[in-house]
Amino acid sequence: MKTYSGKSVYGGIAIGRIHVYKKNESMVRREKIDNPDAEMERYERAKAEAVAQLKGLYDKALKEVGEVNAAIFEIHQMMLEDDDYNESVENIVRTQHVNAEYAVASTGDNFAKIFAEMEDEYMRERAADVKDISERLLAVLGGGSAGAVQSQEPVIIAADDLAPSETVQLDKDKVLAFVTVHGSTNSHTAILAKTMGIPALIGTDVELEEIDGKFGIVDGLEGKFYVEPDEELLAQMREKQQAELAQKEMLQSLKGKENVTLDGRKVMLYANIGNVKDLPKVMQNDAGGIGLFRSEFLYLESDHFPTEEEQFQVYKTVAETMAGKRAIIRTLDIGADKKCDYFGLEAEENPALGYRGIRICLTRTDVFKTQLRALFRASAFGKLAIMYPMIISVDEIRRIQEIVAEVKAELTENGTPFGEPEQGIMIETPAAVMVSGELAKEVDFFSIGTNDLTQYTLAIDRQNPRLDEFYDPHHPAVLRMIAMVVENAHRENTWVGICGELGADTELTEEFLKMGVDELSVSPNYILPVRKRIRETNLEA
Amino acid sequence: MKEFKYVITDNEGIHARPAGELVKLAKTFASEVKVAKDGKEADCKKIFALMGLGVKKDQEVCFKVTGEDEDAACEALEQFMRENL
Numbered sequence: 018m019k020t021y022s023g024k025s026v027y028g029g030i031a032i033g034r035i036h037v038y039k040k041n042e043s044m045v046r047r048e049k050i051d052n053p054d055a056e057m058e059r060y061e062r063a064k065a066e067a068v069a070q071l072k073g074l075y076d077k078a079l080k081e082v083g084e085v086n087a088a089i090f091e092i093h094q095m096m097l098e099d100d101d102y103n104e105s106v107e108n109i110v111r112t113q114h115v116n117a118e119y120a121v122a123s124t125g126d127n128f129a130k131i132f133a134e135m136e137d138e139y140m141r142e143r144a145a146d147v148k149d150i151s152e153r154l155l156a157v158l159g160g161g162s163a164g165a166v167q168s169q170e171p172v173i174i175a176a177d178d179l180a181p182s183e184t185v186q187l188d189k190d191k192v193l194a195f196v197t198v199h200g201s202t203n204s205h206t207a208i209l210a211k212t213m214g215i216p217a218l219i220g221t222d223v224e225l226e227e228i229d230g231k232f233g234i235v236d237g238l239e240g241k242f243y244v245e246p247d248e249e250l251l252a253q254m255r256e257k258q259q260a261e262l263a264q265k266e267m268l269q270s271l272k273g274k275e276n277v278t279l280d281g282r283k284v285m286l287y288a289n290i291g292n293v294k295d296l297p298k299v300m301q302n303d304a305g306g307i308g309l310f311r312s313e314f315l316y317l318e319s320d321h322f323p324t325e326e327e328q329f330q331v332y333k334t335v336a337e338t339m340a341g342k343r344a345i346i347r348t349l350d351i352g353a354d355k356k357c358d359y360f361g362l363e364a365e366e367n368p369a370l371g372y373r374g375i376r377i378c379l380t381r382t383d384v385f386k387t388q389l390r391a392l393f394r395a396s397a398f399g400k401l402a403i404m405y406p407m408i409i410s411v412d413e414i415r416r417i418q419e420i421v422a423e424v425k426a427e428l429t430e431n432g433t434p435f436g437e438p439e440q441g442i443m444i445e446t447p448a449a450v451m452v453s454g455e456l457a458k459e460v461d462f463f464s465i466g467t468n469d470l471t472q473y474t475l476a477i478d479r480q481n482p483r484l485d486e487f488y489d490p491h492h493p494a495v496l497r498m499i500a501m502v503v504e505n506a507h508r509e510n511t512w513v514g515i516c517g518e519l520g521a522d523t524e525l526t527e528e529f530l531k532m533g534v535d536e537l538s539v540s541p542n543y544i545l546p547v548r549k550r551i552r553e554t555n556l557e558a
Numbered sequence: 169m170k171e172f173k174y175v176i177t178d179n180e181g182i183h184a185r186p187a188g189e190l191v192k193l194a195k196t197f198a199s200e201v202k203v204a205k206d207g208k209e210a211d212c213k214k215i216f217a218l219m220g221l222g223v224k225k226d227q228e229v230c231f232k233v234t235g236e237d238e239d240a241a242c243e244a245l246e247q248f249m250r251e252n253l
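Just so you know, the protein sequences line up as chains A and B, in that order. Count along the first sequence starting at 1, add 17, and that's the number in our numbering. Count along the second sequence starting at 1, add 168, and that's the number in our numbering.
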């Protein structure tokens with residue numbers, strides 16, 4: 018038995034035979050031809066076929082992994098149709114009287130070199146795209162289909178590296194896992210593997226010549242790759258795999274299903290995320306939208322106030338990736354406990370009751386306006402909604418709306434396009450609960466932040482472990498508050514979601530539905546378990 | 169000929185995705201569209217040439233548009249740059 022280590026891109030366990038994936042590149046021979054016109058015709062046909070394949074891949078990826086990740090295949094099409102690339106191929110064929118395969122391979126190498134020599138790491142990685150399109154052309158010219166796995170049984174694919182088109186076109190029923198020697202966590206392949214939900218290890222120290230056809234185990238949870246495992250390990254891994262599979266299968270079977278109770282009541286089930294990097298998880302878990310996108314990471318991961326452009330790019334990515342599904346972005350909710358040095362906030366005795374959230378936004382309007390401008394502009398690219406945190410009064414909403422009006426007037430004046438996002442507020446203070454009837458008249462939606470609401474209602478600091486015995490997450494005071502908010506909101510046709518931890522508490526799902534909660538927003542991992550609970554619930558029983 | 173200058177604000181520069189979109193947009197116009205950076209010039213309708221410029225954040229590029237629809241092309245390209253890069 019041999020054990021290798023790699024960086025896991027996606028968890029899960031795969032057990033099976035290893036197939037070492039080899040590219041076609043080594044097979045290109047330089048051959049003299051007599052008729053360059055005929056050879057160019059052959060090239061043009063191959064190019065048309067390759068472009069058609071890429072269109073197919075684009076559609077497949079669009080469905081499986083979303084527009085942002087699929088875009089690479091559109092770019093590959095453009096690369097194939099690039100004048101410089103095609104002129105280079107034609108030039109080689111006509112002046113050297115050689116076969117199209119050789120011309121394509123030479124051109125691909127030359128263009129890849131341009132990228133490989135660039136300073137920028139991102140651009141250097143694009144050399145792989147050039148190789149990818151060239152290999153696709155070669156595969157078509159050779160009459161084979163690129164990257165198809167020939168084996169009958171599903172296998173663990175091991176390779177030096179995999180191009181994005183290679184990963185996405187593999188027949189998923191035939192692939193148990195990926196193990197690659199190269200690749201980065203930011204590569205298209207890693208992102209695609211993750212969104213497709215296939216266990217994958219990258220940067221693995223494996224010796225490819227040694228393992229083809231052998232039996233292996235990929236442990237994506239631990240980042241290990243075992244070749245020819247012994248009986249004991251195999252039994253142990255099978256057990257681990259069974260437990261994982263049973264859970265996963267049960268949940269996977271819920272993908273694409275509606276969030277509907279046995280008696281027909283539907284509810285929106287959204288995801289909470291805190292970084293653009295989490296977007297694939299939203300798609301993987303089949304969330305109907307994003308119920309809470311915490312924008313703090315933009316500020317916390319930066320050493321300066323994030324500019325309007327920096328923020329706009331992020332929000333636009335979210336809007337486009339969600340492709341028409343609602344994405345609620347919460348404006349900056351920073352305070353003395355989550356702080357950035359450049360804000361220059363003073364330490365406070367009691368940060369939970371301190372200078373935070375909307376209170377900062379309403380006093381530092383320059384910071385707030387930058388974020389609002391970015392959000393309104395990005396709203397032109399999808400269905401964004403804006404949510405304001407820590408609200409306690411109607412007056413605060415009026416002040417926000419004055420600032421929003423200024424922002425919109427400025428954008429209009431500059432001729433900058435913007436959308437009209439829905440606007441809502443977090444209900445996370447007992448004050449907001451008590452005046453929720455009035456607040457509901459001012460906004461499109463509420464989202465109840467149960468973590469803070471519970472802490473403020475019970476007067477229990479959750480950071481203090483000595484208070485654990487007094488802490489009851491299901492305290493009737495909190496539940497009655499939620500019921501009260503829903504009732505007040507619905508009177509004004511304002512919809513209500515829950516985005517705190519309580520939203521994922523399946524012991525309460527039925528109660529929330531009975532109260533009339535319209536939306537539950539939970540961590541991506543909880544989407545399917547909560548969907549399961551919803552579908553087992555009968556509100557009329 | 170019309171021209172305009174633009175300083176890139178996007179963190180990743182003219183990377184694959186916007187380069188692809190920019191080429192797509194440039195191809196919708198009959199005019200010739202050139203992009204110049206530090207004395208190097210590329211045809212904006214060719215994705216390899218455009219990406220080969222390696223344009224990064226905070227760098228200035230100059231668009232030179234020549235042809236019958238140069239006014240419309242300039243306006244569309246400038247708007248695209250402002251919104252995406």
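Because the hints were derived from the structure by calculation, they are not lab data. Treat the hints loosely; a few may be bogus.
[Stated by the list, open to error] The calculated lysine-lysine pairs, modelled on DSSO-like cross-linking and capped at a C-alpha distance of 30 Å, are:
1) Lys232/B - Lys531/A
2) Lys205/B - Lys333/A
3) Lys241/A - Lys272/A
4) Lys173/B - Lys386/A
5) Lys80/A - Lys205/B
6) Lys272/A - Lys72/A
7) Lys208/B - Lys224/B
8) Lys224/B - Lys130/A
9) Lys342/A - Lys192/B
10) Lys274/A - Lys333/A
11) Lys130/A - Lys202/B
12) Lys195/B - Lys333/A
13) Lys224/B - Lys294/A
14) Lys298/A - Lys130/A
15) Lys386/A - Lys224/B
16) Lys202/B - Lys400/A
17) Lys386/A - Lys283/A
18) Lys72/A - Lys195/B
19) Lys173/B - Lys195/B
20) Lys232/B - Lys130/A
21) Lys192/B - Lys224/B
22) Lys400/A - Lys192/B
23) Lys192/B - Lys225/B
24) Lys170/B - Lys130/A
25) Lys130/A - Lys208/B
26) Lys77/A - Lys192/B
27) Lys170/B - Lys205/B
28) Lys298/A - Lys225/B
29) Lys49/A - Lys130/A
30) Lys72/A - Lys170/B
31) Lys531/A - Lys191/A
32) Lys202/B - Lys333/A
33) Lys130/A - Lys195/B
Violations among the numbered hints, reported as their numbers in ascending order = 1, 5, 14, 16, 17, 24, 30 and 31
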